[in-house]
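All chains, full assembly: derive it from the sequences and hints.
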Amino acid sequence: MSLLLAEIIVLPILLPLFTGALLLLINERHHKLKFFINQTSTLLLFFLAVLLLGITDSAPAEQGLLVVLSANWAAPFGIVLVGDRLATLFLLVGALLANAALIFSYSRWARLGVHFHTLFQFLLMGINGALLTGDLFNLFVFFEVMLAASYGLLLHGYNITRIRAGMQYIVVNLLAAVFFLLGIALVYSATGTLNFADLAAKMPTLADEPRQLLHAGAAMLAVAFLTKSAIWPLGFWLPTTYSAASPPVAAMLVFLTKLGIYILLRLYYLLFGANSGASAGFAADFLLYAGLMTLAFGALGLLASQESSRIASYSAVISSGLLLTLLGLAEPSMLSAMLFYLISSTLAVTAFVLLTELIERIYTPADSVFALSMEFFAPEEEKQESAGVAIPAAMAFLGMSFVACALIIAGLPPLSGFIAKFNILHHLLQLPFSLSHWLLLILLMLAGLTAIIAFMRFGVRSFWTAQATTSPRLKLNEAGPVLLLLVLCISLAFFAEPLHNLLERITADLQHPQRYIEQVLSTLPTRKEAP
Amino acid sequence: MELILATSIGILFASGIWLILRPRSFQVIIGLLLLSYAVNLFLFITGKIQVNRPAFASEAVSFIEGLYADPLPQALVLTAIVIGFATSALYLVVLLGSRGLTGTDHVDGKELEHDE
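For the record, the sequence lines run as chains A and B. Going by the numbering used here, the first residue of the first sequence is number 9, and it counts up by one from there. Going by the numbering used here, the first residue of the second sequence is number 9, and it counts up by one from there.
For the record, the hints were derived by calculation from the structure and aren't laboratory data. Where a beta carbon is used, it is the ideal one built from N, C-alpha and C, also for glycine. Honestly, I wouldn't trust all of these hints.
[To be verified] Stretch by stretch, here's where chain B covers chain A in the computed footprint (C-beta under 8 Å, at least three residues): (1) 187 to 193; (2) 292 to 306.
[Unchecked claim] Between beta-carbon pairs, the in silico distance windows are: (3) A:S78 / B:Q82: 13 to 21 Å; (4) B:L75 / A:W81: 19 to 27 Å; (5) B:Y76 / A:L449: 55 to 63 Å; (6) B:G108 / A:I34: 49 to 57 Å; (7) B:E119 / A:G285: 54 to 62 Å.
As structure tokens, this is what we get:
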């Protein structure tokens, strides 16, 4: 792979960094300009992600990695950035969600407070960095960048609910950071390295004593990532936080839980994959049962939810629970089904988060909701929410989108949620009989059932009751992202095969960590000729 | 030396955990600070406890085991301190905001007797 090409992998981190810094310099009064710069940069990021996925996917399996040695130090000593199929796929999904959330925020939410656009770009920088890094400590740093930006975004449009939720969210994440650092310290003292590839290479031959230390360290690290991905009982912060955040921010937070899953997936298959000696399959049972508990917790929570934002939150919990369970099954055959479910559920839950805000306008005049959240901030901007074009037949649009979201999240035919769930069940039934598989089967069905009940109840109450409803004014830029995400979900159902093939290749990558290790460790520093 | 370090890390952790379980946000932030001190010390001693040894060689000499301290934990702990400091400061701002808006420093934003 040519040298110039590999260096593209730095761009998804640098682009948001510079855009964010630039946006900081522009006064809040130039709202349109700020939005324009932000949107352009986020769109560029999307195209970049498509390009990167194209590059990593088209290369043969033994050399598909884009490796950049920062500061030109060879792999275990310097920090490496690594782009492979898995990372670039997540990059693409993240960029998609970011675009949708940003367009949605244009007419109202972005103007609620200062520095929305800057924080948004820094959040993207943290996400992209965490996806692309190949070093444990660097991962910590990018996690903190991402979290700091997400604290700011959560508090965006400052009111009592957000402050209350924000305090809990920040404390939980600071504690998770403590665990993260403890884990890093233990892993370092066990192996003397923090580089993913080097760690994975050392795993098979580790002596017994450091191995135990490493297991303790890995468990500590897992606490941090599992808190992020809202496993039961570490995920109590999630429903409060999601329902307090403004919708575009909540949409981005949905992706953050998936980031926790991504890190677990990556580290688990590198460190505790089939050829990691005595550690193979470490703590898989724990993940399995904790995932099942999360699934059950999510299903119960969904049943108890009345507000739409809580329904969205518990849908995210269910999705996390199922993903963690599938990770804990440690069956390579399940991986592609798991990733398909991840993509489909992320898109659907995000669409639903954005949609709920539009649905809520049916029964409350938009202005009063707006005034409530504007209580403490910039009341003079209240009148200016007229940007964008209103679309006709708003109720029909809301109803149809709601049905689509419900179908995908509950996993009913004919949309992508059904394909994802069918895929999982199909693989599950092929495995030899065991209690946990049947538990998963039953819980999966129950979760689907509770989702249908919760969504039907909510749908009937919002669309069919005879109370005085007003047909809301929807802006094109608000309906557009929802429609875009749903169309994507629907096309996932139609183009399931190419995606499935890509996911199969990702699965193969994960099962052969050797490829990752060799390519990262064999990348040599470039020798620059003196001019 | 080991005993002193281990005990002090243990005490810091214990006090930190006690404090973050308290209901006042001021106690919580002190607890978080203590926890981050504990974890920084913990991170620092992963490079083994060595006194009076340089972290890197000033000129190109061959590496001799035991002559140098491990530089990596020192670099890590510096970064961790900076990040921990920044995020704690951020929490402090939110704490003050919450105090101002709700009129109480209870972590739930309301006193217990006002429970609905």
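Tested hints:
no., hint, in the structure
1, 187 to 193, "holds (count 4)"
2, 292 to 306, "violated (count 0)"
3, A:S78 / B:Q82: 13 to 21 Å, "holds (19 Å)"
4, B:L75 / A:W81: 19 to 27 Å, "holds (22 Å)"
5, B:Y76 / A:L449: 55 to 63 Å, "holds (57 Å)"
6, B:G108 / A:I34: 49 to 57 Å, "violated (29 Å)"
7, B:E119 / A:G285: 54 to 62 Å, "holds (55 Å)"
Hint violations for this structure: numbers 2 and 6, all remaining hints satisfied.
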